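So the protein lines, in turn, are chains A, B, C and D. First residue of the first sequence: 1, per my numbering; consecutive thereafter. First residue of the second sequence: 1, per my numbering; consecutive thereafter. First residue of the third sequence: 1, per my numbering; consecutive thereafter. First residue of the fourth sequence: 1, per my numbering; consecutive thereafter.
Treat the hints with caution; some may be incorrect.
[To be verified] Result set (DSBU-like, lysine-lysine): computed pairs, CA atoms no more than 35 Å apart in a straight line:
#1 K33/B to K114/B
#2 K186/D to K157/A
#3 K153/C to K23/C
#4 K68/D to K307/B
#5 K157/A to K260/B
#6 K74/A to K8/C
#7 K88/C to K213/D
#8 K114/B to K103/C
#9 K78/A to K186/D
#10 K121/B to K190/D
#11 K105/C to K197/C
#12 K301/D to K78/A
No lab work stands behind these hints: they were computed from the structure. Since the model is a prediction, treat every value here as computed from it, not as a measurement.
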Amino acid sequence: MEDKDVKKEEHKGRKHVEDSQGDPRIIAFVCNWCTYSGADLAGTSRMKYSDNVRVIKLPCTGRIDPLFIVEAFKKGAKGVLVSGCHPGDCHYTSGNYHSRRKYATFRDLLGYLGVDLDRVEFSWVSASEGNKWVSIINEFTDKIKSLPGKSTDIFTKK
Amino acid sequence: MEEKYFEISAENLKKFVDSIIADNFEVIAPTDKDGGTFYGKISRFEEANLDILLPKMSYKEYLLPKTETLLEYSFSGVDTEIKDGLEAVAGANEKRVIFGGRPCDAGAGPIMEKVFNWDYKDEFFNERFKNLTIVSIACEKPDNYCFCTEMQLSPESSYGSDILLKKAEGKYFAVVTSEKGLNLIEPYINLFKETAKAQVPADKDWKKLFEIERTKSFLDKNFEHNYFQDRFLSCIGCGVCTYTCPTCHCFDIQDEGNLKEGRRIRNWDSCQFGVFTLHTSGHNPRVTQGDRYRQRLMHKFKIYSEKFDKYLCVGCGRCSRNCPEDIDIKEVAKDLADMA
Amino acid sequence: MENIYLPKLAEIKEIIQETADTKTIRLTIDGGSIDFLPGQFGEFSFIGEGESTFGFSSSPLRKEYFEFSFRSSGRATTGINSLNQGDKIAFRGPYGNYFDTSKMKGKDLVFVGGGIGMAPVKSIMEYCLDERDDYGKITILYGARSVGDLLYKGIFDEWKKYKNTEVIITVDPGGETPDWTGKVGFVPTVLEQLPLKGENSVAIVCGPPIMIKFALKSLEEKMGFDKSNIITTLENRMKCGLGKCGRCNVGSVYVCKDGPVFTAKELESLPNDF
Amino acid sequence: MANTKTDEKLQKIAKDLLESGEVSLVIGYAKGSNLQRMRPVFITKAEDAGKLSFNPHAVQDLAVFLKKPEVKKFGKIGIVVKGCDEKAVNALIQEYQISRDNIKIIGMECNGVIRQSLADKGETNLSESAVYDKCLICEEHIPVLYDFLIESEEPKLVLSGNVKPYSGIEKLESMSAEEKNAFWAKEFDKCIKCYACRQACPLCYCSRCIVEKNMPQWIDTNSEETGNAQWNLIRAYHLSGRCIGCGECERACPVNIPLMLINEKMAKDVYNMFGYKSGLDINAKPVFGVFSESDFNDFIK
Numbered sequence: 001m002e003d004k005d006v007k008k009e010e011h012k013g014r015k016h017v018e019d020s021q022g023d024p025r026i027i028a029f030v031c032n033w034c035t036y037s038g039a040d041l042a043g044t045s046r047m048k049y050s051d052n053v054r055v056i057k058l059p060c061t062g063r064i065d066p067l068f069i070v071e072a073f074k075k076g077a078k079g080v081l082v083s084g085c086h087p088g089d090c091h092y093t094s095g096n097y098h099s100r101r102k103y104a105t106f107r108d109l110l111g112y113l114g115v116d117l118d119r120v121e122f123s124w125v126s127a128s129e130g131n132k133w134v135s136i137i138n139e140f141t142d143k144i145k146s147l148p149g150k151s152t153d154i155f156t157k158k
Numbered sequence: 001m002e003e004k005y006f007e008i009s010a011e012n013l014k015k016f017v018d019s020i021i022a023d024n025f026e027v028i029a030p031t032d033k034d035g036g037t038f039y040g041k042i043s044r045f046e047e048a049n050l051d052i053l054l055p056k057m058s059y060k061e062y063l064l065p066k067t068e069t070l071l072e073y074s075f076s077g078v079d080t081e082i083k084d085g086l087e088a089v090a091g092a093n094e095k096r097v098i099f100g101g102r103p104c105d106a107g108a109g110p111i112m113e114k115v116f117n118w119d120y121k122d123e124f125f126n127e128r129f130k131n132l133t134i135v136s137i138a139c140e141k142p143d144n145y146c147f148c149t150e151m152q153l154s155p156e157s158s159y160g161s162d163i164l165l166k167k168a169e170g171k172y173f174a175v176v177t178s179e180k181g182l183n184l185i186e187p188y189i190n191l192f193k194e195t196a197k198a199q200v201p202a203d204k205d206w207k208k209l210f211e212i213e214r215t216k217s218f219l220d221k222n223f224e225h226n227y228f229q230d231r232f233l234s235c236i237g238c239g240v241c242t243y244t245c246p247t248c249h250c251f252d253i254q255d256e257g258n259l260k261e262g263r264r265i266r267n268w269d270s271c272q273f274g275v276f277t278l279h280t281s282g283h284n285p286r287v288t289q290g291d292r293y294r295q296r297l298m299h300k301f302k303i304y305s306e307k308f309d310k311y312l313c314v315g316c317g318r319c320s321r322n323c324p325e326d327i328d329i330k331e332v333a334k335d336l337a338d339m340a
Numbered sequence: 001m002e003n004i005y006l007p008k009l010a011e012i013k014e015i016i017q018e019t020a021d022t023k024t025i026r027l028t029i030d031g032g033s034i035d036f037l038p039g040q041f042g043e044f045s046f047i048g049e050g051e052s053t054f055g056f057s058s059s060p061l062r063k064e065y066f067e068f069s070f071r072s073s074g075r076a077t078t079g080i081n082s083l084n085q086g087d088k089i090a091f092r093g094p095y096g097n098y099f100d101t102s103k104m105k106g107k108d109l110v111f112v113g114g115g116i117g118m119a120p121v122k123s124i125m126e127y128c129l130d131e132r133d134d135y136g137k138i139t140i141l142y143g144a145r146s147v148g149d150l151l152y153k154g155i156f157d158e159w160k161k162y163k164n165t166e167v168i169i170t171v172d173p174g175g176e177t178p179d180w181t182g183k184v185g186f187v188p189t190v191l192e193q194l195p196l197k198g199e200n201s202v203a204i205v206c207g208p209p210i211m212i213k214f215a216l217k218s219l220e221e222k223m224g225f226d227k228s229n230i231i232t233t234l235e236n237r238m239k240c241g242l243g244k245c246g247r248c249n250v251g252s253v254y255v256c257k258d259g260p261v262f263t264a265k266e267l268e269s270l271p272n273d274f
Numbered sequence: 001m002a003n004t005k006t007d008e009k010l011q012k013i014a015k016d017l018l019e020s021g022e023v024s025l026v027i028g029y030a031k032g033s034n035l036q037r038m039r040p041v042f043i044t045k046a047e048d049a050g051k052l053s054f055n056p057h058a059v060q061d062l063a064v065f066l067k068k069p070e071v072k073k074f075g076k077i078g079i080v081v082k083g084c085d086e087k088a089v090n091a092l093i094q095e096y097q098i099s100r101d102n103i104k105i106i107g108m109e110c111n112g113v114i115r116q117s118l119a120d121k122g123e124t125n126l127s128e129s130a131v132y133d134k135c136l137i138c139e140e141h142i143p144v145l146y147d148f149l150i151e152s153e154e155p156k157l158v159l160s161g162n163v164k165p166y167s168g169i170e171k172l173e174s175m176s177a178e179e180k181n182a183f184w185a186k187e188f189d190k191c192i193k194c195y196a197c198r199q200a201c202p203l204c205y206c207s208r209c210i211v212e213k214n215m216p217q218w219i220d221t222n223s224e225e226t227g228n229a230q231w232n233l234i235r236a237y238h239l240s241g242r243c244i245g246c247g248e249c250e251r252a253c254p255v256n257i258p259l260m261l262i263n264e265k266m267a268k269d270v271y272n273m274f275g276y277k278s279g280l281d282i283n284a285k286p287v288f289g290v291f292s293e294s295d296f297n298d299f300i301k
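Construct all of the structure, not just a fragment, from the sequences and the given hints.
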């Protein structure tokens with residue numbers, strides 16, 4: 001989809017905004033090939049995990065721009081998870097290696113500027129690791145829930 | 001109102017400032033912070049730095065905030081609700097005093113007031129401007145970047161100030177030019193001693209380096225002059241000149257919010273940015289930085305005076321002092337005057 | 001105290017898909033139109049996505065609605081583009097000056113429009129057609145890049161019905177389709193071939209800058225139009241529409257207040273900054 | 001003021017370059033609006049080369065002009081650079097913004113430049129406490145790459161170690177998240193979104209900056225706490241591993257936000273994590289253009 005189409009979808013969505021359930025909201029940016037399949041496996045295996053998470057699928061962790069993380073926080077997410085293929089398993093051979101460098105730096109910067117690093121999480125989850133996906137989501141949700149109400153961030157109004 | 005004149009000792013001036021602070025006035029004065037001197041809220045007289053010529057930024061933000069909410073909106077179902085942002089501005093600045101600014105900064109208010117009222121009335125600006133009380137101090141030693149005298153003001157001008165303080169022999173003379181000024185000192189009038197105009201030291205004879213009319217007449221005739229492209233090759237388009245300028249008032253209007261609610265805001269903007277005039281079609285009337293700096297000169301020294309009878313510049317020299325690439329607007333204005 | 005930036009909400013009465021990426025939207029406030037004059041513009045917004053400046057494209061004499069045409073390209077227009085009939089658009093206006101019809105009465109009129117620049121021309125043109133008896137011969141020349149890019153296709157025939165009115169539609173060379181019956185050629189070229197004379201005539205021109213440039217040249221030099229009888233509108237980037245934000249400033253005019261309608265004579269005195 | 005030996009050498013080189021047609025423009029420093037200020041000057045005619053000058057007040061990083069379309073038009077360009085500025089030239093070459101063939105680098109040996117805020121108050125002595133922090137940690141007093149080198153006549157800067165450069169970084173690192181947050185909230189609150197940091201940066205060359213993109217609006221336009229924080233965060237991130245430490249952003253900032261505390265910290269951490277320093281080698285690949293299988297992995301579950 002082009003940016004324009006995304007915008008259009010967003011506008012269509014505006015009309016049926018309802019009070020969201022599942023607070024605190026957690027956004028998971030996942031890669032199409034490993035983590036999404038892993039999450040899918042968890043689903044088809046009827047495993048249960050926290051409904052606070054909303055999964056956004058992208059082709060590869062290499063496509064997950066740190067701006068997405070900022071955008072999620074801006075829009076009110078309490079936690080953001082980025083997850084993709086294990087090193088060496090990238091469908092595009094090296095997307096996750098590149099993104100690892102990016103996130104290492106970005107996470108470092110977030111921490112330095114005073115964002116509570118408990119609110120961002122990175123993981124490698126393969127297509128066969130439905131269990132790992134479930135435990136990561138559940139642990140992350142618990143962690144987010146245990147954070148004090150005004151946990152530090154720099155993206156939303158105090 | 002007819003001007004009134006008072007005498008006040010340095011000690012009483014301190015008492016006066018401390019008293020108005022005690023009476024819940026927010027006093028904004030040049031104060032040392034962040035590795036420089038800026039206008040900021042002071043909690044006692046000593047925090048004011050009255051020796052500095054000019055703080056790095058002007059106090060424009062108290063008249064035209066860097067971000068102002070014009071309206072707020074919210075959606076419920078298909079309905080949109082709009083809340084007027086003006087309500088929040090009512091009474092703004094009523095208890096705010098700018099203390100220790102210079103005559104150039106004070107002159108900026110009434111000059112900007114013209115563009116905000118020349119047809120449609122911008123009540124956001126008006127409400128703030130109407131209520132803000134300005135107590136300025138006349139300059140004794142302007143520096144090399146100052147050119148208020150050329151800009152039809154002077155280091156001792158009371159234009160735009162509600163009260164102008166002039167230092168003489170360890171004490172101050174207060175020239176009160178408005179009801180607002182009078183109201184401010186009224187409760188503490190025993191600190192002041194009324195005096196006659198003749199007692200106030202006369203203004204010095206400030207010399208002009210060039211005639212601004214000549215600058216204008218050059219600009220009148222030379223829109224396409226090589227000077228602009230050559231001279232401003234060194235301009236990096238940072239916009240510091242416009243952001244620190246007490247009279248630059250251009251702004252941008254933007255909507256910002258989520259799917260439920262948000263607000264329409266106006267933010268400071270600058271003619272030095274390429275996107276300022278960029279059309280949707282991709283056409284941009286001002287392509288080079290030379291074009292953009294020329295616009296700044298034109299707006300300050302030609303356009304505004306033709307339209308509103310005032311130059312859009314008070315000669316504070318902030319744009320020159322703060323320019324990272326050392327473009328000195330006084331030098332430029334003089335160059336243009338010399339070429340006319 | 002009045003907040004001059006506060007919009008009213010207008011309801012979308014009808015949406016006409018003009019071309020693949022342009023639409024005309026008809027709006028009503030309290031069931032009818034608003035008071036405006038041809039040539040004026042408004043600030044239209046899909047709240048939350050920012051305002052966009054468009055000239056009105058309908059005749060102010062048609063009181064059931066007011067309309068504007070736009071191309072979906074930026075954030076605000078994409079927002080507007082996503083709306084449906086019955087939705088609300090926030091609107092401020094009308095702003096700016098207008099086509100002075102008192103100077104056009106009794107004269108022959110030439111309307112020249114190019115691409116989406118036809119929108120403001122349509123407003124004054126339909127205004128004149130609505131009071132057809134007040135004017136002499138009316139010539140309408142409208143061109144676009146291709147047949148697919150022509151706006152107002154559905155109402156060309158309506159224009160032709162008026163007496164003593166000639167409608168010429170043209171598309172740029174290469175933009176024609178096999179069944180195209182109109183002219184083929186750039187607007188200024190087609191304009192030059194028309195039997196027009198400058199005396200007792202007024203020309204109203206709007207379109208892309210390059211078209212305006214050559215059309216003005218043809219009108220002045222080949223047909224002997226007086227510069228003060230050629231009227232065009234400037235399209236500068238604007239934000240406030242109220243003469244405050246400083247964006248549309250050209251020479252000593254604020255296009256939003258002193259314009260957008262200028263005669264060729266007035267344009268001549270402005271620096272080349274638009 | 002009379003020409004110094006340095007000035008004469010500089011002028012000679014520029015004159016020769018212009019006369020021989022090797023370059024059509026020399027970007028250098030000339031005397032500025034007061035004795036303690038220098039300003040950029042653009043020399044296109046050999047006879048104007050006499051305007052060129054260099055001294056410890058030459059604070060500007062002239063590499064910033066290499067990104068300007070008006071300057072690019074000149075084609076072959078000669079540029080006067082200090083060691084730090086030269087790293088910006090290298091980084092631009094590394095990122096394919098300019099070609100090494102189109103640029104003649106006139107490197108100046110530099111022992112430090114005097115803080116402009118002090119110079120404006122009359123400071124003329126090159127001393128530990130008068131120079132920028134970048135000069136105290138400088139390892140490139142002689143530029144790493146040059147076509148011409150002009151050695152300094154100034155005495156070397158004596159470092160006693162009493163002035164600790166970028167001491168704020170350590171202080172911040174030892175703070176809690178809340179304290180850091182409060183510190184930066186206060187600093188970013190001052191931001192007026194003039195984007196002078198971006199414009200003054202030789203490496204911020206995007207023809208359309210992220211803040212100018214509004215579909216979607218990545219960075220809030222307001223200049224309040226949210227918009228300011230987003231802007232400063234994203235700019236710092238875009239410069240991580242790229243910033244060469246010239247400090248122009250901080251110098252240009254009209255509200256004195258200590259931007260170098262962020263940029264230096266990121267440069268330091270990128271070096272610690274990936275062993276990369278920006279702008280030292282024109283043949284090196286930018287740090288985010290490559291990866292290693294053994295990269296830092298501790299934070300990932």
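Hints versus structure:
1. K33/B to K114/B: 33 Å, holds
2. K186/D to K157/A: 13 Å, holds
3. K153/C to K23/C: Given that 35 Å is the threshold and the Cα spacing comes to 12 Å, the pair holds.
4. K68/D to K307/B: Given that 35 Å is the threshold and the Cα spacing comes to 34 Å, the pair holds.
5. K157/A to K260/B: The hint holds at about 16 Å.
6. K74/A to K8/C: 29 Å, holds
7. K88/C to K213/D: 26 Å, holds
8. K114/B to K103/C: 32 Å, holds
9. K78/A to K186/D: 23 Å, holds
10. K121/B to K190/D: Holds, at roughly 29 Å.
11. K105/C to K197/C: 17 Å, holds
12. K301/D to K78/A: Distance of about 19 Å is within 35 Å: holds.
Comparing the model with each numbered hint stated earlier shows that all of them hold.
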